[in-house]
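One letter stands for each residue in the lines below.
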Amino acid sequence: MQKRKERVDRGIKARSEDVFAISSWREMLYLSGPRLLPVAGFIVLPLILGIYWQKVLLSVAVFALLAISWDMLAQSSMVSLGQALFFGMGAYCSGIMNHYWGVPPLISIPIAAVAGAVICTILLLPVLRLRGVYFSMVTLIIPLMLERIIEATKIFGGTEGLSGLDPFPSRWVELYVVLAALLAALFGFRRLMTSDYGLVLRAINDNDRSVMNAGINIYWFKAQALFISSAIGAFAGAFMTHVYMFVGMPVFALDYSILPIAAAIVGGPGSMAGATLGAFILVPLSEVLRGAGGLRIVFYGMLLVVFIVALPEGIFHFVQRKYHQFERWVAVE
Amino acid sequence: MMNGTVLLEVYKLSKSFGGVHAVTLLNFELHKGELLGIIGPNGSGKTTTVNLITGFVKATSGRVVYKGQEITSWAPYRIVRLGIARTFQMVKPFYQLPAFKNMIIPLYSPRVKQLAGGKYGDRNAVALDLLEEVGFERDAQVAYKVASVLPQGYLKRLELAKAIALQPDLLILDELFSGLSLAEVASIVPIIEKLLQEGKTIIMIEHRLKELFRIASRVIVLNYGMKIAEGPPDKVMESDEVKKAYLGSE
Amino acid sequence: MLLGTIVYAVINSVILALTAIGFNLTFGISGVANFAYGAFYILAAFATWILMNSLGLPYLLSAVLSILFSAFLGAVMYRVVLLRVRGQVLSEVIATFGIGLAILELFRYLGFVGIEYSLPVFIDESFLIGGVYVDMQRILIVLCSVALIILLWVFIHHTSMGLAFRGIAQDERTALTFGMDADWIATLSVSLGAGLAAIAATIIVPLGTISVGQGYDVLLNALAVSIIGGLGSTGGVIVASFLVGFAQRFTDSYIGSHWTLIVSLVAILLVLVIKPSGLYGKQKELEERI
Chain A
0 MQKRKERVDR GIKARSEDVF AISSWREMLY LSGPRLLPVA GFIVLPLILG
50 IYWQKVLLSV AVFALLAISW DMLAQSSMVS LGQALFFGMG AYCSGIMNHY
100 WGVPPLISIP IAAVAGAVIC TILLLPVLRL RGVYFSMVTL IIPLMLERII
150 EATKIFGGTE GLSGLDPFPS RWVELYVVLA ALLAALFGFR RLMTSDYGLV
200 LRAINDNDRS VMNAGINIYW FKAQALFISS AIGAFAGAFM THVYMFVGMP
250 VFALDYSILP IAAAIVGGPG SMAGATLGAF ILVPLSEVLR GAGGLRIVFY
300 GMLLVVFIVA LPEGIFHFVQ RKYHQFERWV AVE
Chain B
0 MMNGTVLLEV YKLSKSFGGV HAVTLLNFEL HKGELLGIIG PNGSGKTTTV
50 NLITGFVKAT SGRVVYKGQE ITSWAPYRIV RLGIARTFQM VKPFYQLPAF
100 KNMIIPLYSP RVKQLAGGKY GDRNAVALDL LEEVGFERDA QVAYKVASVL
150 PQGYLKRLEL AKAIALQPDL LILDELFSGL SLAEVASIVP IIEKLLQEGK
200 TIIMIEHRLK ELFRIASRVI VLNYGMKIAE GPPDKVMESD EVKKAYLGSE
Chain C
0 MLLGTIVYAV INSVILALTA IGFNLTFGIS GVANFAYGAF YILAAFATWI
50 LMNSLGLPYL LSAVLSILFS AFLGAVMYRV VLLRVRGQVL SEVIATFGIG
100 LAILELFRYL GFVGIEYSLP VFIDESFLIG GVYVDMQRIL IVLCSVALII
150 LLWVFIHHTS MGLAFRGIAQ DERTALTFGM DADWIATLSV SLGAGLAAIA
200 ATIIVPLGTI SVGQGYDVLL NALAVSIIGG LGSTGGVIVA SFLVGFAQRF
250 TDSYIGSHWT LIVSLVAILL VLVIKPSGLY GKQKELEERI
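Protein sequences, first through last, are from chains A, B and C. The first sequence maps to residues 0 to 332 in numbering that gives the first Met the number 0. The second sequence maps to residues 0 to 249 in numbering that gives the first Met the number 0. The third sequence maps to residues 0 to 289 in numbering that gives the first Met the number 0.
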């Protein structure tokens with residue numbers, strides 16, 4: 000007798016659909032658990048971790064923000080190979096404001112996020128009309144060129160960068176600010192992408208001609224998605240500037256572009272939660288592997304290839320599927 | 000001749016792709032409220048003409064004038080906002096989404112918002128209503144089915160509904176009947192007739208001549224990108240040149 | 000000074016064109032943007048070095064083997080990886096990017112860094128041209144590049160395989176109806192691109208040492224030149240290379256060496272604003288992709 004695998008929704012998933020969700024504590028826990036867990040985790044973790052791992056958590060949050068930014072762009076048909084562009088732009092904007100005009104971090108960071116986003120959006124505007132590959136090419140080149148230009152022209156501090164910038168009032172403020180930003184981004188953008196607005200963006204990715212045919216200006220939508228995503232990236236960069244109290248050409252380095260992509264792909268593209276999960280896995284892993292040096296990047300490269308080809312759904316969706324469904328063998332009729 | 004104002008004018012419209020002359024010096028007028036058929040053998044430039052009118056392809060030369068406004072090099076989304084909606088020959092819905100979610104995209108259009116006085120309203124409800132109008136049985140909840148499981152007949156109707164959702168004044172249907180059974184065509188025709196009664200103007204590109212001629216008041220025949228005949232359906236089919244175009248010369 | 004600048008400008012332009020042609024050709028034929036291009040370049044150079052220094056094979060043999068190996072690897076990469084994700088832009092870009100990254104950083108990790116990693120020049124001589132000393136290698140580069148371009152042109156326009164390439168490049172669907180196997184052509188196009196990268200490496204790398212950073216630079220240059228000249232247009236690549244090469248060289252001589260990259264960036268930005276698809280770009284805007 001031949002068998003096949005069948006996937007069936009778990010009983011509790013069916014029981015917690017719609018209004019029945021409030022019928023018992025178990026159902027409510029089933030639904031709210033996955034949502035409350037990260038919130039609770041983010042609040043509690045900083046309190047129980049030592050200073051070293053707090054720094055790692057900070058890094059996780061920053062890369063998670065970059066990964067979420069990447070994911071939003073990817074869902075809107077823009078594959079960015081240069082998150083470092085947004086990161087570096089925000090970093091320099093805040094650094095410059097703080098260094099030359101003495102603007103305090105808590106003001107310069109939000110302004111830098113917006114200013115960085117404006118600059119990046121305008122820079123990439125012409126590419127939005129072309130085939131997707133162009134976006135990837137241009138986002139790859141520009142940060143690397145900027146890195147070398149800064150080195151060569153020595154502007155804004157050149158290779159030495161701008162140092163002695165203002166830090167945050169305390170490391171607790173530092174950590175909770177970025178965690179709050181991450182939570183806001185995570186839930187906010189999840190909401191956005193599942194709304195009708197997000198549907199339009201994802202439709203542009205799927206069949207842009209059809210969306211144009213519906214009387215929607217796809218370039219305007221793409222520009223909006225680009226602005227929002229680059230704002231997140233710029234925020235992350237501006238934030239880190241004041242954590243390190245320094246900004247220099249390394250902010251445009253390839254590392255800031257690669258890890259977010261790996262995080263999003265490993266965690267699960269198409270969902271902000273996946274990007275966050277990916278960051279939570281890869282950043283600490285990268286810390287642990289610090290001794291291996293350059294081998295880490297080899298590892299990321301292979302991870303990218305393996306996941307994008309063989310496991311495109313990513314870890315988050317895999318886990319989500321297991322949470323909602325179970326599999327069983329069934330006889331084939 | 001049709002009474003009524005001229006809605007669309009195509010004047011010496013031409014398009015060449017490199018060395019291929021897809022459409023050459025095409026002239027015709029469209030009157031408000033009529034159903035114009037565009038027919039011709041494969042490769043005669045019918046779809047290119049539609050693409051030219053709706054902005055998906057830039058004309059090499061010539062003019063397209065709609066309601067007195069020249070729209071020749073406009074982007075598709077702007078043309079849609081003026082009130083022209085088209086369907087595509089190869090229907091490509093968003094397969095992972097249910098049928099009614101497919102409707103959200105056109106319902107998100109600025110044109111729809113503008114006509115609704117600035118408020119979008121409940122898009123899901125409007126989507127379900129529109130789908131019911133084109134024949135998605137409400138009690139069988141067909142509208143909730145994912146697009147990938149729907150047969151061609153329903154997908155074609157979905158495509159039609161997406162165009163209707165934009166509340167156009169001019170509807171251009173590119174081979175709507177292709178791939179449908181006689182019964183399916185018979186069930187769609189009343190929908191088209193109702194659209195005409197509502198005051199819409201329709202252009203239909205078709206290969207299914209028998210079905211088209213029942214509803215079209217006037218027909219244009221294209222061959223190798225040029226108009227070779229124009230007039231009421233039966234008169235046009237009597238022309239030798241048209242017969243030669245379709246059947247080939249001896 | 001002027002003549003010397005022009006001489007070096009020509010040489011630099013040719014070098015640029017040589018490194019970019021493979022990438023551009025691959026894309027022009029099959030629409031595959033091979034972000035692992037720089038990796039193939041460096042791979043070929045190191046392969047030649049390894050064959051020569053660890054196995055003691057003669058230079059010419061090592062070079063030829065490396066070129067063939069690179070071409071072979073390109074085909075393998077397409078068939079094993081790209082074939083599975085064909086058509087999905089996201090996956091194609093990420094996959095090639097990941098592979099390129101892994102290869103380049105692997106070399107760096109394995110310690111292939113240092114002065115001893117260099118390839119010898121073919122003939123060690125210099126000539127006085129236009130008031131500057133030009134070494135034989137650079138002259139050879141120009142000669143080989145010209146020969147290569149002519150060969151490619153003949154191949155593309157006068158052989159049946161080249162015709163197939165052009166058919167697929169022009170209109171994939173119609174070419175398919177003529178019985179052309181799009182996958183095979185795509186495999187060959189990636190292979191060809193990788194092979195050209197290897198050839199470029201063999202001729203150019205002797206000018207200095209083999210450095211992993213050069214791999215990234217080659218990819219960047221190929222991208223920059225392709226953006227300016229137009230993806231898919233070989234003529235565009237050549238024109239763009241000369242534009243950029245001359246602009247860079249003259250900037251270097253007359254204004255200052257740190258401005259050369261700014262010139263390139265400005266060139267890219269200008270092109271993006273004025274004609275986004277590149278000088279000779281045949282990319283139609285999104286609307287025209289029916």
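Because the hints were derived from the structure by calculation, they are not lab data. Honestly, I wouldn't trust all of these hints.
Computed cross-link-like contacts, DSSO-like style, restricted to lysine-lysine with a CA-CA straight-line distance of at most 30 Å [stated by the list, open to error]:
no., chain 1, residue 1, chain 2, residue 2
1, B, Lys144, A, Lys321
2, A, Lys12, B, Lys199
3, B, Lys112, B, Lys11
4, C, Lys274, B, Lys57
5, C, Lys274, B, Lys193
6, B, Lys199, A, Lys4
7, A, Lys2, B, Lys57
Pulled a few chain C residues facing chain A out of the computed Cβ check, cut under 7 Å [stated by the list, open to error]:
no., residue
8, Leu67
9, Ala94
10, Glu104
11, Val265
12, Ala266
13, Leu269
Where a beta carbon is used, it is the ideal one built from N, C-alpha and C, also for glycine.
Pair hint lysine 199 of chain B and lysine 4 of chain A, alpha-carbon separation not exceeding 30 Å:
violated (51 Å)
Holds or violated: lysine 144 of chain B and lysine 321 of chain A, Cα atoms, limit 30 Å.
Holds, because 24 Å separates the two Cα atoms, which is no more than 30 Å.
Does valine 265 of chain C pass the interface hint, meaning its C-beta sits closer than 7 Å to a C-beta of chain A?
Constraint on valine 265 of chain C not satisfied, violated at 10 Å.
Leucine 269 of chain C was flagged as interface toward chain A. Is the shortest Cβ-Cβ separation under 7 Å?
Constraint on leucine 269 of chain C not satisfied, violated at 10 Å.
Next pair to validate is lysine 2 of chain A with lysine 57 of chain B; report whether the Cα-Cα distance is within 30 Å.
With a Cα-Cα distance of about 56 Å, the restraint between lysine 2 of chain A and lysine 57 of chain B is violated, given a limit of 30 Å.
Restraint check for lysine 12 of chain A with lysine 199 of chain B, where alpha carbons must lie at most 30 Å apart
Not OK: lysine 12 of chain A and lysine 199 of chain B at ~47 Å, beyond 30 Å, violated.
Should the hint that alanine 266 of chain C touches chain A count as held when the rule is a Cβ pair under 7 Å?
At 11 Å from the nearest chain A Cβ, alanine 266 of chain C fails the 7 Å test, so the hint is violated.
With the threshold set at 30 Å, check whether the alpha-carbon distance from lysine 274 of chain C to lysine 193 of chain B stays at or below it.
With a Cα-Cα distance of about 47 Å, the restraint between lysine 274 of chain C and lysine 193 of chain B is violated, given a limit of 30 Å.
Holds or violated: lysine 112 of chain B and lysine 11 of chain B, Cα atoms, limit 30 Å.
violated (35 Å)
Mind checking the CB of alanine 94 of chain C against every CB in chain A and telling me if the closest is under 7 Å?
This interface hint holds because 5 Å falls under the 7 Å limit.
Next pair to validate is lysine 274 of chain C with lysine 57 of chain B; report whether the Cα-Cα distance is within 30 Å.
holds (17 Å)
Can you verify the interface hint for glutamate 104 of chain C: is its Cβ closer than 7 Å to any Cβ in chain A?
holds (4 Å)
In summary, the structure is inconsistent with hints 2, 3, 5, 6, 7, 8, 11, 12 and 13 from the numbered list given earlier, while agreeing with the others.
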